[in-house]
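Q: Here is what each chain is made of, one letter per residue.
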Amino acid sequence: MQRLHKDILQQAANNPGGVAIQFPFEKRNLSYRQLYAQARGITLALERLSLPKGSIVALYLDKSPEAIAAILGILMAELAYLPLDVDAPDSRNQFIIEQSQAQVVLTREMAENPFPVLSSPSGTVEGLALYRSSAEASGLKLPEGLAYVLYTSGSTGVPKGVMVTHTAALAFVDWARDTFVLRPEDTLTSIAPLHFDLSIFDIFGGLSAGCTLLLLTPSESKNPLLLSSYIAEYGVTTIYATPTLLQLMPRFGKAGRYNHSQLRQVLFAGEVFPIPALRALQEIWHTAKFYNLYGPTETNVCTWHPLPPTGTDDRQAPYPIGQPCPYDQCAVLKEDGSISSELTGSGELLVSGASVMAGYLGMPEQTRQAMVEHEERVWYKTGDLVEVDSNGDLLYRGRRGRMVKRRGYRIELGEIEAALHQYEAIAQAACLALEKEQSVSAIWVFYVAPEGPLPHTLLTEFLAGRIPEYMLPDRFVHLPEIPQTSSQKTDYQALKQLL
Amino acid sequence: MAHIKAQLRDYLLNELNLPLQPEELQDDTMLVSDRIMDSISSLMLVEYLEKTFNISFEPHEVTAENLDSLNIIEAFVNQKQVSAKAA
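Those protein sequence lines, which keep their order, are chains Y and G. Sequential numbering from 18 applies to the first sequence in the working numbering. Sequential numbering from 5 applies to the second sequence in the working numbering.
The hints are simulated quantities; they were obtained by calculation from the structure and are not laboratory data. Worth double-checking, as some hints may not be accurate.
Said to hold, decoys possible - Every beta carbon over 10 Å from chain Y, so not counted as near; a handful from chain G, in silico:
| # | residue |
| --- | --- |
| 1 | H7 |
| 2 | I8 |
| 3 | D42 |
| 4 | I59 |
| 5 | F61 |
| 6 | N75 |
| 7 | I76 |
| 8 | Q85 |
Stated by the list, open to error - If you want the footprint, here are the derived chain G segments under chain Y, 3+ residues with CB under 8 Å:
| # | region |
| --- | --- |
| 9 | 11-18 |
| 10 | 21-32 |
| 11 | 43-49 |
Predicted model only: the values in this text are computed from it and were never measured. The beta-carbon is built from N, C-alpha and C at its ideal position, and this holds for glycine as well.
Given only the sequences and the hints, what does the whole structure look like? Please build it.
A: Take a look at the structure:
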C-alpha cells in the first residue's frame, strides 16, 4: 500500500534545503530537512508507546509548523491523525477524544489540562507533550490503512468522524498534484484549518511536490488585507480557499497596492461562488486560472470544473461543479428512487470510487444509512442535489434536509437546536438559515423562554461553550410560541414568513 | 473627541446593525471578544473608519486589539491621525 506521506519523505531526501513551511505569524520558516527531523523525533516518541498499528493520535495544536511535523510524524509511525479544533468548546473535543478512542493526544504543554479523559503528560518531544488517554479502547473497528479522521457536524447534536485511508486520500492528492502542476517553485497558501478537509490538498499536495507552504493562522486567514500583502511578499502561486474568504479580497484586500503577478491559480471549494463576486475577483487576478472543486468530507474532492479563461464568457449563473475526477464515479438518485449512473436528469448526487471514506468512526448504523448499493458498487449519498446540464456537467442545486454551509463548513441546524435545548431558560428553539445564492448569510434562532427574552451575548456565550464558532447564530428572536405543523413538528415554513 | 464615538455608535447600530439595543452599547462593550461583531462586520468597520477619518490601516492593524470597543477604536483612530500629521 502506498502511503500518503511517501513523496514528502522523497522531497526531504532530494531537496533537504528547500523551504517546506513559511510561518509569517512567528516570522520563521522550516526547511524540508528540519520538517523531517522534527517529524522523525515525534515518530520515535510515538513508537516507544508501542501502540497497535493504525491507532488514532489526536492533535490539539494551534496551526503551526509543529502541527504539520506532528501530522507527518504520526503517519510515519503508521498511526492515524485526528486534528481537533482548538477553538471548539472543550466539551466537544472531550467528546471526540472519547468517541474516537484516541490513545494519545499531542499538544503543547498545558498549565491546566481541560480534558478529564487525559492523564498527565507521559513525555515531551519537539516542544510537544504526549498525553495518554484513559478512554477505553474496545470495540471500535478501524479500517486497514487509516490515515486520518475529520469530524463534521451531525444532525442529532453529535459530531461524526469521517475515516479516510491512505489509499483514498492519495487518489485525490496524486491527481491534484498532477492536474494543478505543483512544482518545488510553487508557494501554496495553507488557509484552511487542519480539521477542515481543504487542508489535505495544502499539506499533502503541496509538500509532496516540494512546494513551500505559507502557513496561516485562523486570524490571519480572516484578514484579506494581510493575505493580500502576504501573496505579494511570499510570491504565492496557488491559493485554495472557500468563496466566503475569496470574495472579500476585491473589496478589502487593496490588491492595487500589491504585486500579485505570480499567482497562477485559484482553487475554490466548499460552497457556491456567486457570479458577481467571482467576476470581481477575476478582475483583480485576471491572469490566474480558476477552478471549482467539489466534494463533501466523506469523498474528498470528487468533481471539478476548470473555469474558462477570464473574460471569455458571460455566464450569469454559478459555474458547474463539473465532471467526476478520474478516480471516482458519479450517479444521480432520482426522485422516483431509481439510480442513473449515466449522468442525466436531476436528483441527489451519489459518489463511488477510490476517494470515498471508509465510514463514520464507531457509527456503523450512520455509515450504512449514508451508503447505497447499486450495480455491485457502494455509493455515498452526498445529500446534495444536482442537475446535469446540456454539456453533461453537474450543476449544484442545493441541499437535501437541514444541513447548510457557512464559510465552507457543513452545519446541521439540528445540532444548534440540540445545544439550545440544553439552556435551562429555553423551553423551545428552532433554527433557520437565511440563504443567498445557496450560501448561508445568517443563522436565525427562534426561541420560547417563559421568563422573557434573553440577551444576545448571554445566548452566544452559552452556545460558544457547546458548538464551534462557525455555527454560532447571528440573530435570536424571542417568540411566545414556535409555530407547529399539524403533525406537531416545528413549522419552518411559518417561521420563514417571520423573517 | 466625543463626536468620533457618536459617529461610531450610529454606524455600528444603524449601518452594521449589530445585535444590540442602543443602551447595551457602552463605551467599553467588547465587540469582538463578546462575539457581537463578526469578522466581516469588522472589515466593513475598517473600511468605514478609513473613509470617514481619512486614515489607512496597515495589514497587521486589522485585528481585534484595535477594534474591540468604542474606547479602543477611538484611541486607535486618534493615534493614526496624530501619526499621519507627524509624518
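Q: Taking the earlier hints as the rules, which of them does this structure contradict?
A: 3, 5 and 9
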